[in-house]
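There are 2 protein chains.
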Amino acid sequence: MHDSLSQTFSALADPTRRAMLARLSLGEANVSDLAKPFLKSMSLPAVTKHIKVLERAGLITKTREAQWRPCKINGEAFRDAAEWMEHYRIFWEESFDRLDAYLKTVTKQPAKGKKNARKR
Amino acid sequence: MHDSLSQTFSALADPTRRAMLARLSLGEANVSDLAKPFLKSMSLPAVTKHIKVLERAGLITKTREAQWRPCKINGEAFRDAAEWMEHYRIFWEESFDRLDAYLKTVTKQPAKGKKNARKR
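Note that the protein sequences, when read in sequence, are chains A and B. Per my numbering, the very first residue in the first sequence carries number 1; after that it's consecutive. Per my numbering, the very first residue in the second sequence carries number 1; after that it's consecutive.
Isolated chain A (complex conformation):
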C-alpha cells in the first residue's frame, strides 16, 4: 500500500479530503482557512490529519511564509493517477457512450413510456 500511486488513490478515497482539494482548486489557502469549514463537523486534529494525508500523498504542498502555512494543489500526483486512468479510457468512454445513448432514450421516450403504461 506504500507505492505512490496507492498513496494517491488512498488519499482521494475520502470526501473530506476531496472537499479540501476542491477548495484548493480555487486557489491557495492557508491551513487555518482550509481547515475552518470542516471544524463544524470534526476536531482540529482530525482536520489536520486529513491535510497531512494529502500532503504525504503529494497532492498538496504546504509551505511557510512567516506565520502562514499556504497550501496549494500539486499537479504531479494527479498526473500519475490521471496517466494510470488513461489506460482505462476505452472502458469509461464506452460507458459514457452507453450513458449518452440511455439519456437520449429517456429524454425522448418518457412520454411514450407513460402512454404504454396507461394502456396496460
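Derived by calculation from the structure, the hints in this document are not laboratory data. Beta carbons: idealized from backbone N, C-alpha and C, even for Gly. Accuracy of the hints is not assured; some may be wrong.
What the hints assert, rightly or not - Computed footprint of chain B on chain A, listed as stretches where at least three residues anywhere in the stretch have a Cβ under 8 angstroms from a Cβ of chain B:
id, segment
1, 14-21
2, 45-56
Claimed, not checked - Under the rule of at most 30 angstroms between Cα atoms (straight-line distance), these lysine-lysine pairs were calculated in the DSSO-like manner:
id, chain 1, residue 1, chain 2, residue 2
3, B, K104, A, K104
4, B, K36, B, K72
5, B, K62, A, K62
6, A, K49, B, K72
7, A, K72, B, K104
8, B, K49, A, K52
9, B, K62, B, K49
10, B, K49, A, K104
11, A, K72, A, K104
For chain A, the structure is supplied; the task is to place chain B on it using the hints.
Chain B alone, transformed into the frame defined by chain A:
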C-alpha cells in the same frame, strides 16, 4: 468512506487490485484465471478478497456461466473517477508541461554527453 467515489478510489489504492484490472483490460477472465498469478505471493482467500473489493466498488462485474465466473471491467466506476479527475486537469496538465520541458532539457543534454563520450 462509503460514498461510491471513495469506494472506487479506495479499491484502486492497491497494487494487486490494479494488476488485476490491468489483466482484465486485456479481456474477460474467469475468477480462477484472474487469481492464478497472484497465488504465488498470497493465499486464495486474500486474492478472493481483492476481487470482492473490486466488485463492490463496481470496477468489475462477475457473472455466472455454468461452472465459470467470468469477470470483466465495468467502465461506469472508472467514468465517475475520471470525471472527478477532470476538474483537476489544469493542475496535472501544468505538471505535464513542466515534465515535458524537463524531459526536453535532459534528452538534449545526454546526447551531447554521449557524443563527447564517443569522441574521447
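Would you pick out the hints that fail for this structure and give their numbers low to high?
2, 3, 5, 6, 10 and 11
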